[in-house]
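All chains, full assembly: derive it from the sequences and hints.
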Amino acid sequence: MASLDEPRLPQEIFDNIIDHFHDDVHSLELCSLVVSAWLASARAHLFRRVELTPPSKPKKPSSTISAFTFSRPKLTPCQRLFELVEASQRGRLGSIATYVRELHLCEGMLAREWLAREPMLPLLLRALPNLCRFEVCRSASVSMAWNALPALLTRAVDHVFSQPSLTALRLSSLKFENVGELKHMMSGCTHLRVLEVDHLVVVDSGLQYLDEGEERARVAPLDTLIMGPRTSTVFISYLLHPQSIVSVNTVRRLGIALSGDFIDFGRLLQASSSVEQLEINLMNDIRLQDYWQITPEQQFDLTQITNLRNLKVHIDVLQKQEDPLQWLTTVLSTGIDSAHPLRRNSIETIQIVYSLFLPAPYMDRSINTNIFDRWADIDAILCGRDDEKDSQYSHAYDNLRNVRLEFALENPIGFGVAPRFLKEVVLDSPGLEEKDILLVEGPNYVLRSFPEGYKLFDHHKGPANNPRHDLYLHGPPKKRFRSINEFIPHAIWLMGDPNIDCECKYCAKKTQREVTASMSNILRNATPSLSQSPAPSRIIRPLPNKGKARANIPRVAEARQRDTKNYAAIQKSIKPLKASSTVLKQPMLVERSNDLRAVYSKSAQHIRRWYREGEIVWCALPRPICSVNKLGDSVTLEYWPAVVDEVKLKSETVPRASTAGHVGSASLPSAAQPVASSSATQIAPMDADDGRGPMLLPSDEPLPWTVRQYARYKVHFLAVSHSTTIDDDDILPYQANMPSEELIEVMAEHPPERLMFDKTTITNFNPCPAGDVPSLFDAIPPFALAIQIASAISQSWCLTDEYELKYTIPQIPSASAPPPPPRPPPSFQSSSISSASSRIPQQPQPNSLQAAIEAANRHNDNLTRATIYESVSAVHPSMPASTAQQTTSRMIGMPPPPGQLRQIRYQGMWWGAERIWVDDFVRLKVPRRALAPTGDNHILAPAGPSKTEQQEYQGPDEERHFLGAQMRGTFLRLDGIIIVDVEDNGQVTKQARLTGRLYELVALDWQGEEYHSKAPIIRPPIIPRQPAEGAGAVERTNSGPPVDHILPAAPTGYKFREILEPGYEFVGTMGLLSGRYYPGILKHPRLLSRVARAIHSPDPQRHAGLWSLEGLSGGLFNSVDPWRYKKGRHTMMQDADKEAASVLDEYVRNTIAERGAGQHQPFGDGDAMDVDGM
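Everything in the sequence shown is counted per the UniProt record's numbering, starting at 1 for the first residue and increasing by one.
There could be a bad hint or two in this list.
[Unchecked claim] Subject to a maximum C-alpha distance of 30 Å in a straight line, what follows is the list of computed DSBU-like cross-link-like pairs (lysine-lysine): (1) Lys759 - Lys510; (2) Lys759 - Lys505; (3) Lys1138 - Lys1127; (4) Lys1127 - Lys806; (5) Lys435 - Lys650; (6) Lys509 - Lys759; (7) Lys759 - Lys990; (8) Lys602 - Lys714; (9) Lys1083 - Lys602; (10) Lys648 - Lys714; (11) Lys479 - Lys505; (12) Lys759 - Lys478; (13) Lys650 - Lys1083; (14) Lys461 - Lys510; (15) Lys461 - Lys505; (16) Lys1127 - Lys759; (17) Lys435 - Lys183; (18) Lys478 - Lys461; (19) Lys1138 - Lys990; (20) Lys510 - Lys479; (21) Lys714 - Lys1127; (22) Lys947 - Lys759; (23) Lys1126 - Lys990; (24) Lys1083 - Lys648; (25) Lys714 - Lys1126; (26) Lys1138 - Lys759; (27) Lys455 - Lys505; (28) Lys759 - Lys479; (29) Lys602 - Lys630; (30) Lys435 - Lys1083; (31) Lys312 - Lys435; (32) Lys648 - Lys1127; (33) Lys990 - Lys1127; (34) Lys1126 - Lys648; (35) Lys714 - Lys650; (36) Lys806 - Lys990; (37) Lys759 - Lys714; (38) Lys455 - Lys509; (39) Lys461 - Lys479; (40) Lys1055 - Lys602.
Bear in mind the hints are in silico, worked out from the structure with no lab data behind them.
See below:
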């Protein structure tokens, strides 16, 4: 019998329930008293962050009472915590010291100073083994002398800094005599990721103390560096010195507070080459005129921060302060590369915050209202406008999506000054307003009152304790408006000409659909979403087994079953029957041809057209939805899942870099001298008699412009009824992104009763509105539904475009032919090799029609009996022949019936979120080291390392044998999707298989054994070739490689190596398919920062999913495994929509019911909120 202390449910359920009360101290204390099994989970939240503040000043007791009583001295917070730690170590429930992850020490002022006087503090610091964040600050901006602290305390702090768990450090209001003290204090911080300092003072700014000692063998790669106000710039010299314990070239978020010393901060910016988010705070005592006295090389240069995406500048503007926009204009102009002025930088958002100290109404305000006189210069820089160029050309800030201008108004006298000030501000910004990317955060207007005769009513419906609120706007007689869209036409009529008839649904007696169609430019888009559930349909349920048993009728879906186990085999490639010249070849779908051309053909596009219509992708929002979690960290919803509706190829003219000197020239080329370019041909005038006509010579002067092409996608956001058009550099494949952990945590903390999945509310939500950015709180329900729909789609698959193939079995070499060279013993136990025991007998030449028919029948029978599965070579010497034959039959399928050499094939399939065609280059889940690691019959062993890889390898020698292709992925050129008959437990089922040629990745300078196919397999080519008119039976030899041998571009520094013997092909189950191969995806602008972080990451395995996109690691690290077969893509969308809504609704009901019973399941558990990604 189980004791009362033992939980009856799995401990994980109780842990998830307790995690919901992470910020409810009272509930956590109650949970810790229930059973001992709950104590660890409750303690993990109760003691995660500990703040030790100055002890309160003791009250002086009354002299009369103190004469007759004795009381124990009051313990300080530090002493109470240490006693609690000591007591828990002696108890049977374990120490609480292991649960403390963050420790905050706050020094007091004057009589409340306690850090140097507390005897228990060094003991406490040594008793906390798992600290992740350590903070030291003071309640006022008065520095604490580090050398004045006791040696016992400083040694305890050194112990904390040397812990491997410490990754975040904040130092505030500390004073050091010299930089040597600072260097010694931080010498143990080798695992830091976050460093924040402010009010850090170094008395002696000499750097001679840094030259003592040797260079550090290990440095901490920082991720976040915040330099707050009043920090000595000698700290920057320490950070950039070889003796520094931290590295700044890995910093992604950098914050600096400027009050001078521009040269030192400029050096810091140049060294922080990986910064993605830069925050600059201009203090109110800054002297900007000092910035113009330094050389241009010492000034800030944004082009050196190649990964910068977000720039935030905070400006404190006081009365009669110098204009900060001149400095800001100069800094923004450095975002334009002088050597390549048209090269786009990575900046996407710019936020400028003005803290204005407004004077009283009777004082002069013109000095503040004229602070934007230079804004037109910033507008010209950000929009690429000047006197010599037009805005249609690409420019450096072409990636800019949002410019936000905010005001923080501080007015001690008179609250009416702020609105008048904002009205007086003049902002000249024609370019940003034309692009609709400027957002000025001014006064928030509210509705003062409704027009006369109009009132808003709140109708309560449902139970009294939990009513439903329905808002109605009552106006004209017998009319009530139920939504904003219904009232907009009526409001336009109220504010316009009363002589014109109102066009609202009630006054015009029309349906809302007609009104919306007639005013589509004003009202919201009412196009129904693809994610909306279809109309209710009748569900046919199976009849109960009564009376006579019903026979199991095989359905079409059974022909597309997936095997629960994954197998692979190698067989002779079948040869399709060659059709006569009068028979048309198997037609290729237009969609398939276009999609394959986009991947295989040579293109000058920076980003290829990777995405195909119907695929699920991640779209970057023009303005990310930002918020802050309970810990104060920034949380951003940056990407939204969407389905590709349409793909368009766009062209734009850009200045030719090589002819920059010709731009703007006053002289134009004459008519007799045509100008050539790579994209246009100018026909010579009729009177020109040079004999060359429209022919262009290499000596012709090129035009000063060229044409750049890029793809634009019309996408439909999942879960909502809004579409948008987006450029190719703002879209990522579904497998290349996933929501951040911080965003998932915020979604998990969302109150379940506020998760309203009402169809009208969800579909009307717009992730990228033209006005204000929606709040993250409002975006969570539709975003949760969207990623749940995408997750459901990724679990489904289907085959498309079926056709039948007639084929012949390849002839087997005669016995007199020399045997093939021996291969190493096979080691991949899932491989089977097919061969035949005898060749097909030859028949005499027929001399009549009847004899020809009989000979054809005999020939077909012989072909069937000579199947390639009769004699199978064992994949391992110890494997019985029967087991090898059984594995081969299960993989390749049963032999065809006599006289029937036909095969069902498909041109493509939907594999989760991706559209895959035959002839695509796909990634397999098995890494190369798991596929014939020592070689096998007809398959090569993995390639070893090249000379360059051996020379550059710096790891241990015992791991050197892992170099080469075996640690990378395996690729399949998908030559066919076939259906085979598989016998399982006495029943024959039809299952899908993949066939094609196998490839691996090797270095460019690798040299070794290779296979080269001599002739391509006869099948529909990727790029159809049209024969010349009048051509005979002999085709002209193509100088290039065969069409079937065209491969996509390999990753930089690598090439593809074919590993199968010519004439053989790979056959594998669907479960081995990982997904599409995206050539060059790691160079995508949205992935450059992640690639940079992954390169400098101390744990390369953590980023294996990113490398897997280009096959640099096994496909299993980034793959989907669809298991539900659907009839088509439309059915997949509909079922995913219904399933996602059902799962989330059930989650909300269960969570509210469980919370009423004292339990609560955190959002994201179970099937809800499934996210597929890396």
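Structure-based check of each hint:
With a CA separation close to 24 Å, the supplied pair Lys759 and Lys510 stays within the 30 Å bound. For the given pair, Lys759 sits about 22 Å from Lys505 by alpha-carbon distance, which is consistent with the 30 Å threshold. For the hint linking Lys1138 to Lys1127, the alpha-carbon distance of about 16 Å falls within 30 Å, and the restraint holds. A C-alpha spacing of about 25 Å is found between Lys1127 and Lys806, which places the hinted pair at or below 30 Å, so the restraint holds.
Distance restraint check for Lys435 and Lys650: the Cα-Cα separation of roughly 18 Å lies within the 30 Å cut-off, and the hinted pair is therefore satisfied. Between Lys509 and Lys759 the alpha-carbon distance is near 26 Å, which keeps this suggested pair within the 30 Å criterion. Restraint check for Lys759 and Lys990: the C-alpha separation of about 40 Å exceeds 30 Å, so the hint is violated. Between Lys602 and Lys714 the alpha-carbon distance is near 24 Å, which keeps this suggested pair within the 30 Å criterion.
Simply put, Lys1083 and Lys602 have alpha-carbon atoms about 17 Å apart, close enough for the 30 Å limit, and the pair holds. At roughly 8 Å between alpha-carbon atoms, Lys648 and Lys714 fall within 30 Å of each other, so this suggested pair holds. Pair hint Lys479 plus Lys505 holds up; C-alpha atoms about 10 Å apart against a cutoff of 30 Å. Of the supplied pair hints, the one linking Lys759 and Lys478 holds, its CA atoms being roughly 28 Å apart against a limit of 30 Å.
Simply put, Lys650 and Lys1083 have alpha-carbon atoms about 21 Å apart, close enough for the 30 Å limit, and the pair holds. Between Lys461 and Lys510, the direct Cα distance comes to roughly 28 Å. Compliance with the 30 Å bound is thereby established for this hinted pair. A threshold of 30 Å between alpha carbons decides the hint, and for Lys461 with Lys505 the separation of about 25 Å falls inside it, so the pair holds. Among the hinted pairs, Lys1127 with Lys759 is consistent with the structure: their alpha-carbon atoms are about 26 Å apart, no more than 30 Å.
Between Lys435 and Lys183, the direct Cα distance comes to roughly 50 Å. Violation of the 30 Å bound is thereby established for this hinted pair. Restraint check: the Cα-Cα separation between Lys478 and Lys461 comes to about 21 Å, which is no more than 30 Å; the hinted pair holds. In summary, the hint linking Lys1138 to Lys990 is supported, as the alpha carbons are separated by about 29 Å, within the 30 Å threshold. A hinted pair counts as satisfied when its Cα atoms are at most 30 Å apart, and Lys510 with Lys479 qualifies at roughly 13 Å.
With a C-alpha separation of about 25 Å, the suggested pair Lys714 and Lys1127 falls inside the 30 Å cut-off, and the hint holds. This hinted pair does not check out: Lys947 and Lys759 have alpha carbons roughly 61 Å apart, beyond 30 Å. Distance hint between Lys1126 and Lys990 is fulfilled; the C-alpha atoms sit about 16 Å from each other, no more than 30 Å. With a CA separation close to 22 Å, the supplied pair Lys1083 and Lys648 stays within the 30 Å bound.
The suggested pairing of Lys714 with Lys1126 holds, with an alpha-carbon distance near 25 Å, which does not exceed 30 Å. A distance of roughly 12 Å separates the Cα atoms of Lys1138 and Lys759; the hinted pair therefore holds under the 30 Å criterion. Between Lys455 and Lys505 the alpha-carbon distance is near 19 Å, which keeps this suggested pair within the 30 Å criterion. Note on Lys759 and Lys479: the hinted pairing holds, with a Cα-Cα distance of about 25 Å set against a maximum of 30 Å.
Simply put, Lys602 and Lys630 have alpha-carbon atoms about 50 Å apart, too far for the 30 Å limit, and the pair is violated. With a C-alpha separation of about 27 Å, the suggested pair Lys435 and Lys1083 falls inside the 30 Å cut-off, and the hint holds. Using a Cα cut-off of 30 Å, the hinted pair Lys312 and Lys435 holds, with the two alpha carbons roughly 20 Å apart. A distance of roughly 28 Å separates the Cα atoms of Lys648 and Lys1127; the hinted pair therefore holds under the 30 Å criterion.
The hinted pair formed by Lys990 and Lys1127 meets the criterion: a straight-line CA distance of about 16 Å does not exceed 30 Å. The hinted pair formed by Lys1126 and Lys648 meets the criterion: a straight-line CA distance of about 29 Å does not exceed 30 Å. Taking the CA atoms of Lys714 and Lys650, the gap is about 12 Å. The hint holds against a cut of 30 Å. Note on Lys806 and Lys990: the hinted pairing holds, with a Cα-Cα distance of about 18 Å set against a maximum of 30 Å.
Taking the CA atoms of Lys759 and Lys714, the gap is about 23 Å. The hint holds against a cut of 30 Å. Our distance criterion of 30 Å between C-alpha atoms is met by Lys455 and Lys509, whose separation comes to about 22 Å. With a C-alpha separation of about 20 Å, the suggested pair Lys461 and Lys479 falls inside the 30 Å cut-off, and the hint holds. Restraint check for Lys1055 and Lys602: the C-alpha separation of about 16 Å stays at or below 30 Å, so the hint holds.
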